[in-house]
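S.K.: Listed below are the residues making up each chain.
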Amino acid sequence: MTAPQPWKSESMRGYFGKALVALGKANPDLVVVGADTTESIKTVDFGKAFPERLFQVGIAEPNMMSVAAGLAAAGKIAFAATYSVFGSAHTYNVIRQNVAYTKLNVKIFCSHAGLSVGRDGATHQINEDIGLMRGLPGMTVLVPADGPETGRCAEAAVSTKGPVYCRFSRADVPTITDPGDRFEVGKATLMRDGVDITLVGCGLMVSRCLQAADALAKEKVSARVINLSTVKPLDVATLDRAARETGGIVTAEEHTVIHGIGGAVASAVVEHHPVPMAFVGVQDVFGESGEAEELFVKYGLTAAKVADAARGVMKRRGR
Amino acid sequence: MVEITEETIAHLKKEATILRRHIIEMTHVVQSGHPGGSLSACDLVTALYFHVLRVDPKNPSWPDRDRFVLSKGHACPVWYAALAERGFFPVEELLTFRMIDSRLQGHPELGTTPGVENAAGAEGQGLSFSVGLALAARLDHKPWRVYCIMGDGEQDVGQTWEAAMAGAKYGLDNLTAFVDRNGIQQEGRTEDIMPLEPLMDKWRAFNWNVLTIDGHDFRQILAAIDEAHSTKGRPTVVIARTVKGKGVSFMENKIKYHGAATTPDEYTAALAELGVPP
Ligand SMILES: Cc1ncc(C[n+]2csc(CCOP(=O)(O)OP(=O)(O)O)c2C)c(N)n1
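Order-wise, the sequence lines are chains V and W. Mapping to this note's numbering: the first sequence position 144 is 144, numbers consecutive. Mapping to this note's numbering: the second sequence position 85 is 1085, numbers consecutive.
If you're looking for bench data, these hints aren't it; they were derived computationally from the structure. Careful: at least some of the hints might be erroneous.
[Stated by the list, open to error] Taking lysine-lysine and the BS3-like style, the derived pairs with C-alpha atoms no more than 30 Å apart in a straight line are:
id : chain 1 : residue 1 : chain 2 : residue 2
1  : V       : Lys18     : V       : Lys8
2  : W       : Lys1014   : W       : Lys1058
3  : V       : Lys48     : V       : Lys161
4  : W       : Lys1256   : V       : Lys48
5  : W       : Lys1256   : V       : Lys8
6  : W       : Lys1169   : W       : Lys1142
7  : V       : Lys103    : V       : Lys18
8  : W       : Lys1142   : V       : Lys18
9  : V       : Lys48     : W       : Lys1254
10 : V       : Lys187    : V       : Lys161
11 : V       : Lys103    : V       : Lys220
12 : V       : Lys220    : V       : Lys187
13 : W       : Lys1256   : V       : Lys18
14 : V       : Lys298    : V       : Lys218
15 : V       : Lys8      : V       : Lys315
[To be verified] Footprint (simulated), chain W over chain V, 3 or more residues, beta carbon under 8 Å:
id : stretch
16 : 29-38
17 : 57-68
18 : 80-93
19 : 118-126
20 : 285-295
[To be verified] So the derived label-pair ranges between C-beta atoms look like this:
id : chain 1 : residue 1 : chain 2 : residue 2 : range
21 : W       : Gln1031   : V       : Gly14     : 19 to 27 Å
22 : W       : Ser1061   : V       : Glu294    : 24 to 32 Å
23 : W       : Pro1060   : V       : Asp178    : 51 to 59 Å
24 : V       : Glu219    : W       : Glu1092   : 56 to 64 Å
Even glycine gets a Cβ: it sits at the ideal position worked out from N, Cα and C.
Please model the complete structure; the sequences and the hints are all you need to start from.
M.R.: This is the structure we're talking about:
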């Protein structure tokens, strides 16, 4: 469940880098391909530990993906890691043909997803990658909520057969999971129980859902909070139960609302037990340069927005 | 060939210093951005904006203007500085760089910043975009020309070579490309990350007219552009040997300043070194 507050902020990349070194020790077949961002995304530590197993291809992400696929086809567990915009949209059809269609053991781990990239601006703030990746047949899609969970995602990716896409943030994020938490691909985590409404978040929005739940509690609203760190395969059972037991759902993501977790959760809920829903996320717009928190305010990704959305859902259904 | 006077050279040097000061200030104030590659491209951008390009700051969308494309979009501080100094927008606006609600985005945005001609950020797309512009100019029988600055890191990108083939196929002699050959990319030296040499031979093999110059020598820059103008039937690429961080001694050739702004002490030292423009 949830770590006690105050939460400390930690680097997701840091945990990823550390996990990769440990995994590399345990798995001689683990290899990493990088594209001039290995320092930034912390695969550089794997390279220091296992120099012969890190391949630097330069600014050539399509090449990185297909090289990783080739390594995987010959029996390696190949991590391809860079910034999310380059490890998803930039290389989409390469991933589609060489990674997804082939069902190969390529693990695409990407930092710098979403608005929290900050000042680099819209070209680097990909708010579309979850949708792109969950649309690919057979692709496992992971969105860890904090640093420790990013490490657990790397471990889980190694023991998951086939392609995995995992996206996380450049910004340090509050550590909200408990060190003892287990991570299982395909299982959503109940962060906090509640009966009046369910807040389903992924990535750094999970902590904001918890804060929204705190605010709602002051209004005698008991909000359930679910960490949807596996976007695909979707934990339909947990979502269906939430719909039946709480009668309303708000999703929150650092991603466009067009085809992110909101869409994923909605289609599952509508099929089994329709309830009113609201979607917190980036609207149909590109981001811009700015400090991460300023952007969250401007683009509506705050705990207050999540709480507002919950109130709206409850109003629509007559509480 | 047009005679280049001492006066012209002195003027360009002065403008380049002004742009370098802006680069340091813009990235310092917001503590973000890419000073190294902005400084290495500074003399090329200065030569273009203060001597070569036919543009109208009062009418940025004048249809017959020359087009400048910055493929290595992270170096936009130098572009914004040149545009401001040429009067496309107020110089004071430079200090809004990378801040929320600013017209000066962290990477160039088409349609927002007066004078900006392309969107960039993901490396390696600018030369293809330039090919498109040059094809349009030819289709419309227009005399305007296209100039594109690439990074040497962008020579890693496959699309650069797709564009190179297309430029040669269509014999785009209205297109001049520059490679800012500062030898450094994001996390290391180009020859360690992905060896590029022999780079001239590569471009020659792709059927381009290839020139190589000192990218901080205005006479050589202008002479190369002159030669590009008089070369018919194929595009020209100018491989400009440059120094990343050029003009601020402690930043020169340092990988760190690819994407790091100055500390307060460094800031003072950098401005002192650049000096007040003569
Ligand atoms: C496709 C792509 N991959 C990765 C990056 C991240 N990145 C930004 S700048 C840079 C290195 C740029 O090197 P170069 O083109 O030589 O620019 P310069 O050294 O002149 O600043 C990288 C890898 C990017 N912008 N685009």
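S.K.: If any of the earlier hints don't hold here, list their numbers in rising order.
M.R.: Hints 8, 11, 15, 24 not satisfied by this model.
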